[in-house]
Structures are given as structure tokens and as C-alpha cells.
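J.: In case you want the letters, here they are:
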Amino acid sequence: MSTLPAPPLSLPARPGAGQRLLQTLRELMARPSGAIGLLLVLLHVVIALASPWLATHDYKAVSAINILLPPDAKHWFGTDHLGRDVFTRTLMGGREAILVTAIATPLAVVWGGLLGIYLGLVGGRRDDVLMRVVDAFLSLPWILKMLLLIVIFGASTQVLVPTLAFFYGIPVIRIARAATHNVVARDFVLAARARGHDHFTIMRRELLPNVLDALMVEGAMRWSWMLLAFTSLSFLGFGVSPPTPDWGLMVADSRTYLPIAPWAGLYPILFLSTLIIGINLTADALAKTLGVDKAQKAPI
Amino acid sequence: MLKLILRRVALGALTIVLVSLIIFGAIEALPGDACTAVLQQDARGETLLNCQKELGLDRPATTRYAEWISGSLRGDFGMNAHRTKRISELVGDRVLNSLLLGACALAVGLPVAFLFGILAALRRDRALDLSVSSIAIAAMTIPEFVSATVLILVFSGWLGWLPGIVTTSASAPIKDFFPEIILPVVVLSMVMTAHILRTVRSSMLEVLDSDYVRMATLKGVPYRRMILVHVLPNALLPAINVVALTVAWLLGGVVVIETVFNYPGLGRLMVSAISDRDLALVQTVALIVASVYVIVNLSADVLTLLANPRLRTAATRAA
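As you go down the protein sequences, you meet chains A and B in turn. In terms of this note's numbering, the numbers along the first sequence are unbroken and rise by one, the last being 300. In terms of this note's numbering, the numbers along the second sequence are unbroken and rise by one, the last being 1319.
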């Protein structure tokens, strides 16, 4: 009886997390949509960070004699109905929105993702009960949920971040759970169960790496939904309070004067739209790069 | 089969009960109640107690919840917090107006969404597909207030073709809403069309990639016949669910559009109820919107079940 030769012990080294991220980034940049999208997003983030130094005027300086001036050498984007510089306000108008959503998005993806993976793994009664609650939450329009909390607790950053993170994490539960269902019956998960690993270890070592791609794409999409929610709330007058510059608020303020002074509203609209389009191009390219079927849902 | 449908219906009912508990619980958890909201700075001492007694707020929460639910089932939602109107009266016209807005948007959006969704899938990755898909993504993610503002500026401000806001009262007959309703319908159908179009496209692509379509091609089935007989029926079925989701979302999610255009629908009623802190009204509107959402989804589920032989047999086997 000859014994089988021992299998070679050295498996090809798995690329580290940093390396994989770089690789993904490189592939992303190779796509035109990814390159343009990423560039737009970066540009907006840089503008938001640097805007206090780029601004040419004081964002809250009101001037009665300079009302609704068209763009000229002094006021590059003109002035609004209170004589404030539109260029300065447009540059700074994304700061709150980007800051709040950039913190809330990862939070939403993490809590929704982890809970979704957990439910996908354990199934059974806990899964049934919690998914009912998820459905119940999803059947309430997002704006009602947001407005209620804002009316009670106010619209400060400390309220908006956890609120957005909570409500936008709920649909992530579904995505993560569905992605987990795709792998949970596979042999390597079964093997991990047979080895007697606990839920946490299985989630971390077997499931998370397989669900991560879907979560990243979902996160990018959620970011643009959140921006939509945030700016819509300010537009409705429930978000950022004046005189803080904010795109949604600027569009709302300038609506009455738009036919005579379109610059006061169109520049914030241009900035907001390019940011959102940038995020979506990036998300689209990311989904194609990672080979994830993008689950497009209504903005719940 | 019947068992399965009944199961779905029971789950839907359970969801509505859960929603009502969430709404009621959230409103209970708020600091203050209907009385403090209406009386504001006068809300102290005897005035507050009298008001609470009058509205029955001094009774335990379980009693009030039971009363609310049994009333709602009979279509009697009680009075609004300011005790000026019956809620059923306030809500009735608004529901109809929102339905009108939604129906018009669907009538415009559905044919466009299906036509271009199918065409984009058939011309995958060519110029038509790329342009249709990018327009759809833009229409879907650009906030409604942005597209509404731009459209109002162009068609009402610059060209003067259409009225930019709705001035008709909530209880006016349908014909009074034209032509004011056109711009809101355009904005709403843009968003909606984009969602449905993308689903139609991706479900078409999935079917076009399937083995049985490849088999049909190899067998020499003419292209036109293959698309009409083999691809379309199988690809369009899953779209029922998305149409349902979108329809349901229409009723509650059009808040921004209704506000921009001053349209007297359910969404704007909800916003004004929230800023007035009219909790009784908020509670009712939320329950109506959520119930519609659940019911529409449920109908779509059942419809899909009935129409899809594969699901039907799988369901019977499972049950």
C-alpha cells in the first residue's frame, strides 16, 4: 500500500485587503464611468473640505444694494435675494450634506449588513420575526419616518446622522440577507459549521468576504439615496437651518426669483446633480467591476 | 395554492398590525401629546388636564390603541387634533387627488418604461442602451425638487406654456386639475419610469442569457417569434412586483413633488400635519399609506404566483 503523497502545503498567498482594494480601484479607474464618477466625487469632497479657503465672500454677509445681481467679475455666480454671494454659498452648500451622509452611510451599511448576514445565517424564528419588522418599517414612506424624528429631536447633525444611519440600514438588512442566502448552503459554510465554529467566526471568516462586494455596491447606492433624502429635507425646510448654506435650502429660497435670477438656483442644482451623478457612475462601475448584480430599489 | 395565498394574506395583515403598533408607539413615545401641541404655551395645570380628559388622553394607551384600530376599521378615524374637522373628511379628497396624480403618471410612464426597457435590453451595450440607461439613472437619483424646479423654470418661467403651481382646491372635480397637473405628472413619471425601466431591462437581459433562449436560437426559431413568445412573457412577469412597489411608493413618496407644486394630495397633508404637530392626523395618514403599500405588494405577490406556473408548482410542493 503506497501512501498518497502529502498535498503541497503552500497555497498561493491570498492578496491582502489593501492590495485587493488597490486592485479594485485600478479596475474602477479603467472604466470611463468609474474614472469620471470617482473624479466627480473626489472633486466635490475636496471642494467641500477646502471651501472656507476657496470662498471669495462671507457666506452670510447680506447686502441690500446687491440683491439678485447677475454673475460678474466680483460675484462669479451672482448674488441671491438677500445679496449674498452665490459662488461662496454654492461651494460651501455641500459641506453639511456630504459630512452627514458620509458618516451615516458606512454606519448604515455596517449595522444593516451585520444584522442581515446574521439573519441569513441563523434563519428560523428569529429571522421570521425580524424580517416582519423590517417589512413594517419599509412600508412607511421614508419622509414620514425622517420628518417625525426631526420634528421631535430637531435637525442637528447629531440627530440626522443616527436617524439616516438607522433608516437606511434597514433595506441593507435585506440585501445582506439575500447575499448571504446565496452562499450559506455552500460546502465551505457547512464545513465551518461541522468544525464547530460559532456564528461570529462563520460570519467573519466565511460569509463576510463573500457578501462584502454586494455591501460595497449597496453602500455607494445608499449614499446617493441619503443625499437625496438630506437635500430634500432641507428643501422642505426640515433640514439645515439658515443662514448655513445648503444646496436644498438654496434651491428652495431661490424658487420664487428663478425666472429673473436663475443663477441663484441653477448653480446649487448643478453642484448637487454632478455629485449625485458622480456617485451613481462610481456605484455602477463598482458593480460591474465586482460583478455584483445591482439591486435597484425604490428610495425607501 | 389557496393555502399559500392565505399565508401571504395573513403575513400582510400581520405587517399592517406591526406598522400600526410602530406608528402608535412612536407617537406615544413623543414628548408631549395632542393637547400640548394644540395648546402650546397654555398647556399647563387645569387647561391641560381638561383638554386631555376631553380627548380621552387620560385613559391607558392600550384602550386608546384598541379604539383607534376599531375606529379605523370602520373608516372612522376621529377628529384631528385641533378638533376642527373629521379626519376622514380631510383625508378623503387627498387620497383621491394622490390617486389621480399617480394614475396619470402611470399612464404616461408604464408604456415608456416597458418600451424603452425592452429596446435597451435588445440593444444591450449599444448606443441606445447606454443612453437610455444613463438617462434612467439620472432621472432616478436626481432629487425630485431639482427636476421639478428646472421644469418649472423652463416651461412656466421662460416659455410660459404651463402653470408652475397647482391652485385648485383639494375638493375640486378632476377636470379642474388640468393643465396644472401636467408638470407634477411629468416629474413623477420620470422617477417612476426610470425605476420600472431598469427592472424591465435587467429581467429581459436575464432571460435573453438563459439556456432555453439559446436553445430556441439554435433550433432556428425566428428572432421575432423568439422575442415575442419565449422572452417577453418570462421577462415581464417579475416586473409586476416592481410596478407594484412603485405604485405603492407613489402614494406616500410623492411628498416632495406635491409640496413643490402645491398639489393637494396625501403627501402634502402629511407634511402639514407634521409641522402642525397634528398627531391624530399624522397617525392616520401613516396608517393609510402603509396599508396601501402592503396591500398593493400583496396583490402583486398573489398575481405573480397565479401567473407563473413555475412558482405555482414550487409553491404546491412546498405547501
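It is possible that part of the hints are untrue.
Derived contacts from chain A toward chain B, CB cut-off under 8 Å, selection only [unchecked claim]:
| no. | residue |
| --- | --- |
| 1 | Leu107 |
| 2 | Leu130 |
| 3 | Arg132 |
| 4 | Leu144 |
| 5 | Leu148 |
| 6 | Val151 |
| 7 | Leu228 |
| 8 | Thr231 |
| 9 | Ser232 |
| 10 | Arg255 |
| 11 | Thr256 |
| 12 | Leu258 |
| 13 | Ile269 |
| 14 | Ser273 |
| 15 | Ile277 |
| 16 | Asn280 |
Estimated spans, in silico, between C-beta atoms of each pair [to be verified]:
| no. | chain 1 | residue 1 | chain 2 | residue 2 | range |
| --- | --- | --- | --- | --- | --- |
| 17 | A | Ile36 | B | Gly1160 | 29 to 39 Å |
| 18 | A | Asn182 | B | Arg1124 | 22 to 32 Å |
| 19 | A | Ile152 | B | Val1017 | 16 to 26 Å |
Quick caveat, the hints were computed from the structure, so don't treat them as lab data. Using N, Cα and C, we set each Cβ at its ideal position, and we do this for glycine too.
J.: Each of the hints needs a verdict: does it hold here or not?
T.: Consistency of the hints with the structure:
1. Leu107: Violated, about 21 Å.
2. Leu130: violated, 11 Å
3. Arg132: Since chain B brings a Cβ to about 6 Å from Arg132 (chain A), closer than 8 Å, the hint holds.
4. Leu144: This interface hint holds because 6 Å falls under the 8 Å limit.
5. Leu148: Leu148 (chain A) check passes; min Cβ-Cβ to chain B is 6 Å, inside 8 Å.
6. Val151: holds, 6 Å
7. Leu228: holds, 5 Å
8. Thr231: holds, 6 Å
9. Ser232: At 5 Å from the nearest chain B Cβ, Ser232 (chain A) passes the 8 Å test, so the hint holds.
10. Arg255: holds, 6 Å
11. Thr256: The hint is violated - Thr256 (chain A) has no Cβ within 8 Å of chain B, the shortest such distance being about 10 Å.
12. Leu258: At about 5 Å, which falls below the 8 Å cut-off, the nearest Cβ of chain B leaves the hint on Leu258 (chain A) intact, so it holds.
13. Ile269: holds, 5 Å
14. Ser273: holds, 6 Å
15. Ile277: holds, 6 Å
16. Asn280: holds, 5 Å
17. A:Ile36 / B:Gly1160: 29 to 39 Å: holds, 36 Å
18. A:Asn182 / B:Arg1124: 22 to 32 Å: holds, 24 Å
19. A:Ile152 / B:Val1017: 16 to 26 Å: Roughly 24 Å apart at Cβ, these two residues keep to the hinted range, so it holds.
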